[in-house]
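The task is simple: from the sequences and hints, build the whole structure.
Residue numbers (the numbering used here), protein chains in the order written: chain A, 412 to 740; chain B, 412 to 740.
Hints were generated in silico from the structure; no laboratory data involved. Remember, it's a predicted structure, so these values are computed and weren't measured experimentally. Hints are not guaranteed to be accurate.
No copy labels: a pair is met if it fits in one copy or bridges any two.
To be verified - Distance condition first, Cα-Cα at most 20 Å in a straight line; then the derived DMTMM-like pairs of lysine to aspartate or glutamate: (1) 510 with 655; (2) 555 with 734; (3) 562 with 593; (4) 555 with 536; (5) 455 with 655; (6) 562 with 653.
Protein chains: 2
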Amino acid sequence: MNNKIRIGIMGYGNLGKGIEAAVTNSTDMELVGVFTRRNPETVKTLTNAPVYHTDDIMNFTDKIDVLMMCGGSATDLPKQTPEFVKYFNVIDSFDTHAKIPEHFASVDAEAQKSGKIGIISVGWDPGMFSLNRMYAGAVLPNGKDYTFWGKGVSQGHSDAIRRIEGVKDARQYTIPVEAALEQVRSGSCPELTTRQKHTRECFVVAEDGADLGKIEQEIVTMPNYFADYDTTVHFISQEELDRDHKGIPHGGFVIRTGTTGLNNENHHVIEYSLKLDSNPEFTASVLTAYARAAARMNKEGLKGCKTVFDVAPGYLSPMSAEELRKKLL
Amino acid sequence: MNNKIRIGIMGYGNLGKGIEAAVTNSTDMELVGVFTRRNPETVKTLTNAPVYHTDDIMNFTDKIDVLMMCGGSATDLPKQTPEFVKYFNVIDSFDTHAKIPEHFASVDAEAQKSGKIGIISVGWDPGMFSLNRMYAGAVLPNGKDYTFWGKGVSQGHSDAIRRIEGVKDARQYTIPVEAALEQVRSGSCPELTTRQKHTRECFVVAEDGADLGKIEQEIVTMPNYFADYDTTVHFISQEELDRDHKGIPHGGFVIRTGTTGLNNENHHVIEYSLKLDSNPEFTASVLTAYARAAARMNKEGLKGCKTVFDVAPGYLSPMSAEELRKKLL
Numbered sequence: 412m413n414n415k416i417r418i419g420i421m422g423y424g425n426l427g428k429g430i431e432a433a434v435t436n437s438t439d440m441e442l443v444g445v446f447t448r449r450n451p452e453t454v455k456t457l458t459n460a461p462v463y464h465t466d467d468i469m470n471f472t473d474k475i476d477v478l479m480m481c482g483g484s485a486t487d488l489p490k491q492t493p494e495f496v497k498y499f500n501v502i503d504s505f506d507t508h509a510k511i512p513e514h515f516a517s518v519d520a521e522a523q524k525s526g527k528i529g530i531i532s533v534g535w536d537p538g539m540f541s542l543n544r545m546y547a548g549a550v551l552p553n554g555k556d557y558t559f560w561g562k563g564v565s566q567g568h569s570d571a572i573r574r575i576e577g578v579k580d581a582r583q584y585t586i587p588v589e590a591a592l593e594q595v596r597s598g599s600c601p602e603l604t605t606r607q608k609h610t611r612e613c614f615v616v617a618e619d620g621a622d623l624g625k626i627e628q629e630i631v632t633m634p635n636y637f638a639d640y641d642t643t644v645h646f647i648s649q650e651e652l653d654r655d656h657k658g659i660p661h662g663g664f665v666i667r668t669g670t671t672g673l674n675n676e677n678h679h680v681i682e683y684s685l686k687l688d689s690n691p692e693f694t695a696s697v698l699t700a701y702a703r704a705a706a707r708m709n710k711e712g713l714k715g716c717k718t719v720f721d722v723a724p725g726y727l728s729p730m731s732a733e734e735l736r737k738k739l740l
Numbered sequence: 412m413n414n415k416i417r418i419g420i421m422g423y424g425n426l427g428k429g430i431e432a433a434v435t436n437s438t439d440m441e442l443v444g445v446f447t448r449r450n451p452e453t454v455k456t457l458t459n460a461p462v463y464h465t466d467d468i469m470n471f472t473d474k475i476d477v478l479m480m481c482g483g484s485a486t487d488l489p490k491q492t493p494e495f496v497k498y499f500n501v502i503d504s505f506d507t508h509a510k511i512p513e514h515f516a517s518v519d520a521e522a523q524k525s526g527k528i529g530i531i532s533v534g535w536d537p538g539m540f541s542l543n544r545m546y547a548g549a550v551l552p553n554g555k556d557y558t559f560w561g562k563g564v565s566q567g568h569s570d571a572i573r574r575i576e577g578v579k580d581a582r583q584y585t586i587p588v589e590a591a592l593e594q595v596r597s598g599s600c601p602e603l604t605t606r607q608k609h610t611r612e613c614f615v616v617a618e619d620g621a622d623l624g625k626i627e628q629e630i631v632t633m634p635n636y637f638a639d640y641d642t643t644v645h646f647i648s649q650e651e652l653d654r655d656h657k658g659i660p661h662g663g664f665v666i667r668t669g670t671t672g673l674n675n676e677n678h679h680v681i682e683y684s685l686k687l688d689s690n691p692e693f694t695a696s697v698l699t700a701y702a703r704a705a706a707r708m709n710k711e712g713l714k715g716c717k718t719v720f721d722v723a724p725g726y727l728s729p730m731s732a733e734e735l736r737k738k739l740l
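Dropping the structure here:
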């Protein structure tokens, strides 16, 4: 008898590929297939996992334990997650922070009816960073949180540069300011502006004959994206971009400093950091661990929409509770 | 109506005092009293909280929601935690790693009968460090964990030095080796010996006329405690010890490096660190957050022995689930 957790992947971009790799590396899971809106015959998977059209998903209601939602937060997930939790336990990485309460409500309404579990906003931020903000805040109620992102590639900012006239390709890195990190770690609880926390570095491939000065000016003054930051622009060749900037690294820091004692006389620093070669593969690895939790929790009769705050840590590990106590406590 | 969580403190040493301060700083809790085996009239609390003799505890079964066990792991907690979970929800900081399974079993047997909750081995190691080892291992199954402790005071090692003939007082610091930390962060998964991971630094007050060379030799060659480490000994005056080394700082690092991708081609580093001015006050703050969890979980009908792996993170926070999703996710 096969007790492996059966995983389906809905959407096959970078995140879907990351999940394919993560499931392959998890001995207690198996990949049932990838589901796509494209013509399945045109999609080749990394591991030769079967590819099906999204329209065929209803043939898999008893063949998949957890369906991993790999669409985008803007338009895909707000529709797909509540729709598919009617039939499957689902995990998504919904990351539009302001709309999380609304997304939670719509997924929960369907999940309560279907008896399935939907874990939303899983990944590293939201996800592991949220967890660390929460644990640190509960332990040190008198304190202040800081989140820094990077060094890493911001896809949205890279896209914004690519839309400028005369730009052929671009890659943008968000970089935390080391001096600001040190100031936070000192426990001085500084108030930091956007400009003081992060810088932005852009690598741009311009079209032949483009006005480089004008491109640079358009980038550094772009409202919301760059105007509030110290931004550096480097013009490089397509070959250099492809050679030196093809990865999708990211990471960041969640730091809470706080005090204890009747007169707040003792200072403490809690710091959590990630340094990731591949943002989508790490995010996929977090989603995969939460898929294990969803399958187990649903087997115990739990249902509804959940977030990382609602999932007892032990559910994520392939080890039994006894093993965890013995080996990791 | 008073909805505050009512806390009792069993044992009034450094940890008990830390809990007194932490409860005072928590707006959703109130301290009912401190329980001691000493004559209560001889014990003066920091906040003038009432002091009772341990023998009177049975008068409080309906007045305390969570009893915080602040005795030692060697002899107190193995007896007290299973005994008091018969009547109260309890939290302890049992830290004899090898005996955790046994302690869990004895607390669980009583808690299942009484319908109470006992959360054991709470603090930072075991506790927050255990959680971070577990989360990181679940997310990056292909990887390796490292734990470093310090810079901080080891009470047991300080005591061992004080037992040497000619030593009046002493304070020992455990210090992680920076080069080893860097090696681990590089993702090279080094095999590190005890000596390579930590050094030990000792500040010793000798009695007048004592043989300093002999004391130093006894320290650095002491089996189990110092022989496996590079140890530095400084002789100082009692005044200097009292002035410069009266704090109880501690901290440490939990680092996991691992890979993702079909060919393990992408490297990732997850790092959690603590820098604590007061080891007992921080430990007490963790216990206090878990007291909130114990009270809530028991109110929901949950019972039995639990560890940090079994407690969904949201239970620790005074915020509601809605607030957590809105503000911290």
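Right, here's what the structure says about each hint:
no.	hint	result
1	510 with 655	neither (36 Å within a copy, 51 Å between copies)
2	555 with 734	between (35 Å within a copy, 17 Å between copies)
3	562 with 593	both (16 Å within a copy, 18 Å between copies)
4	555 with 536	within (18 Å within a copy, 23 Å between copies)
5	455 with 655	neither (26 Å within a copy, 66 Å between copies)
6	562 with 653	within (19 Å within a copy, 44 Å between copies)
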